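Engineer: Each chain, written out:
2 protein chains.
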Amino acid sequence: MDLERSPLALPFPAIPPIPGVTLRVARARYKEWDRCDLTYVELAEGTTVAGVFTRNVCCSSEVELGREQARFGKARALVVNAGNSNAFTGYRGREAVEQIMAQVAGHLGCAPSEVFVCSTGVIGVPLPKDKAREGIGAALEAPACSWKEAATTIGTTDTFAKGALAKAVVGGRTVTIAGIIKGSGMIAPDMATMLGYVFTDAAVEAHFLQFCLGKANESTFSCITVDSDTSTSDTVLAFATGKAGNAPLASFDDAGADAFAAALHDVCRQLALLVVRDGEGAQKLIEVRVTGAETDDSARRIGLAVANSPLVKTAIAGEDANWGRVVMAVGKAGEPADRDCLSIGFGGVWAAKQGLPLADYDEAPVAAHLRGREIDIEVDLGLGEGRAIVWTCDLTHGYIAINADYRS
Amino acid sequence: MDLERSPLALPFPAIPPIPGVTLRVARARYKEWDRCDLTYVELAEGTTVAGVFTRNVCCSSEVELGREQARFGKARALVVNAGNSNAFTGYRGREAVEQIMAQVAGHLGCAPSEVFVCSTGVIGVPLPKDKAREGIGAALEAPACSWKEAATTIGTTDTFAKGALAKAVVGGRTVTIAGIIKGSGMIAPDMATMLGYVFTDAAVEAHFLQFCLGKANESTFSCITVDSDTSTSDTVLAFATGKAGNAPLASFDDAGADAFAAALHDVCRQLALLVVRDGEGAQKLIEVRVTGAETDDSARRIGLAVANSPLVKTAIAGEDANWGRVVMAVGKAGEPADRDCLSIGFGGVWAAKQGLPLADYDEAPVAAHLRGREIDIEVDLGLGEGRAIVWTCDLTHGYIAINADYRS
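Line order of the protein sequences matches chains B and Z. Per this note's numbering, the first sequence starts with residue 195, numbered consecutively. Per this note's numbering, the second sequence starts with residue 195, numbered consecutively.
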């Protein structure tokens, strides 16, 4: 099926080259298609790495191995296969990943553990080793390509290429942080997977990079949802080549560490939002702002309950200021909430305060807000200081069409 | 909007009168419609009662009061209002419920706490007291009506009337257990609510009735899901009039207690399944059978994760044997699971065993099974003895049409 470009798409940003990062793409032909589907990223010696991975316990071999490799903190290459997730393929799937690691390590003269592999696409079919071998061979000889080409090649049913950029001044030097991501369109029987990669020329020690990435993840990738379904392959990796020449960042005591962490967070947030903007069938981007919860984590859970509610998502699709459904979703979240302290609003206008509909509630500005592309839902629990922002998209006929109408 | 009768509908059963239970319906005109919308059930003196209620913390006054009243274990009447859920209406909503309780208690000469009130429909609008008063007045003078009329009158966007029947022999006497239920169609901004009522002429002490209902609930009402959204008003009440003349059941040591509990469970299961059969947009009834989990509760959570997955539900809607999506849903449930012990099947045919697709998997019988109305998904965790069955329906364009395309 051909998917139309999401109406929420953003243009691909002008990302400059990042010293120490070389991008190449090739055709491995994992599926019967005429497009590049293997992305190879070569990283300078000394590159540090950090990663966050799916919590799905039925994860792929790529995720199992990547999680172990990230602990060592060193990376020389990244390979991304599109069209086959290699998930639920047992020992044969693992062999394919290990073959790729060995092939690239042999070429670069590095340890196999420094070669990261991710795959996305059909589940239950072992990644074909011969196609992978030839694809890697072609990629190693391919000319360097652009960020947009790499962002396109890691995609599967994405309707637009997704990239983000930020800069920070670290120890007097300007460092660049750039990222690309894929997700979350889908064609049956493919499983939508979020794969995100962040690259920087900053010098950052691996443990601190891991700390910053983990922290950024909490309020970005962990705060988005399209349909509440968690892929077996979700992975975000951050690579720091150190080519900017700053003194390596090891903690927040180092000059520029705050600026670096903020810029990394910014890139992660941009990437996360791009995934929601390409959510299956999405017509509207929804931001759920939760305040007054007992804790930030409680606020996040309540936000996700609202963002995952099919009844809330269909109400927004129908441009219906149905705050009753928001009340319901807050109440089912399993978090502390008091009906008589609860306030609900849309686009900055309160519809209900402290457990009662507002007598002077004017639905006209809310109706106008709901006709737009970017919708804000405000939830105030009235209990404490906990707050969170969660992003999702509406639930439309497009979602059903993508996931039910077309067969594999 | 006019909703078509669900293709999964079952005919209303021939439920005989139950001694001690009198049904009446009236027009309270809670909405602009020409139908009965107030159901009044009079119960003989000595009737015991038990209840299970929504866990949604933003519950209605009806639920708050009903939960307190059920602890006393005595009932003389039930009033069900359709068209207005009276949820999120603060003190004014509570006043309306207390007025109904007082009016009926005055008529019957009983305590207000013996009058149970439930409401379903639009949220955030206090139940109009004048309409309720006149409706109750009319109901008290109305002729007795049939089970089907009562089942129709408690409904809102239900596409068919739902009832269930079972019998048991208790202490040499045959007792009847009958139930009616409403759920879970919806018109914006109404919130689908499950209201279920079970009536028996058996004599059952309230604490034992509560035990049996709670136990039945665990594997019936708590094992169904349409869209993962929990109403603020969900209520199931069981009433035992004692008119069958058996020695009151007080524990499983009493003769016939097992038979009674089994029949009650049977009625609850029938009613729960009828709600799924009328799920918004449902075209297929899905039974998820989970075995081999560490515990029964873990099995139930895994079953609900599968049943609530939009990707699984759309795959079934598309008649696609997409077992990869089932793997994903099992993995995200947050319960113990081992990818390499996991087996997935459809309609009795295994597609994957112990973490690997079956080499000789024949999709033909599975494809035929998926073209039917009743779909079985089997999940074996391969870890322990825990098992559960969960029911849901597929996710179709009809769901979006009901919840997004039509405005309030």
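The set of hints was computed from the structure by calculation and includes no laboratory data. Do not take every clue at face value.
[Unchecked claim] Below, in silico cross-link-like pairs of lysine-lysine (DSSO-like), each with a Cα-Cα straight-line distance of 27 Å or less:
hint, chain 1, residue 1, chain 2, residue 2
1, Z, K361, Z, K225
2, B, K225, Z, K547
3, Z, K225, Z, K268
4, B, K361, B, K325
5, B, K361, B, K342
6, B, K547, Z, K225
7, B, K323, Z, K437
8, Z, K342, Z, K325
9, B, K268, B, K342
10, B, K547, Z, K323
11, Z, K325, Z, K225
12, B, K268, B, K225
The structure presented is a predicted model; accordingly, all values stated were derived computationally and were not measured.
Engineer: Next step is simple, just say for each hint if it's right about the structure.
Structural biologist: These are the hints, each one checked on the structure:
1. Z:K361 - Z:K225: Distance ~37 Å between Z:K361 and Z:K225 Cα, so the pair is violated.
2. B:K225 - Z:K547: Holds, at roughly 25 Å.
3. Z:K225 - Z:K268: Violated, at roughly 31 Å.
4. B:K361 - B:K325: violated (38 Å)
5. B:K361 - B:K342: Measuring from Cα to Cα gives roughly 19 Å; hence the hint holds.
6. B:K547 - Z:K225: holds (25 Å)
7. B:K323 - Z:K437: With a Cα-Cα distance of about 74 Å, the restraint between B:K323 and Z:K437 is violated, given a limit of 27 Å.
8. Z:K342 - Z:K325: holds (24 Å)
9. B:K268 - B:K342: holds (25 Å)
10. B:K547 - Z:K323: Between B:K547 and Z:K323 the Cα gap is close to 23 Å, so the pair holds against 27 Å.
11. Z:K325 - Z:K225: Given pair Z:K325, Z:K225 holds - Cα atoms ~10 Å apart, limit 27 Å.
12. B:K268 - B:K225: Distance ~31 Å between B:K268 and B:K225 Cα, so the pair is violated.
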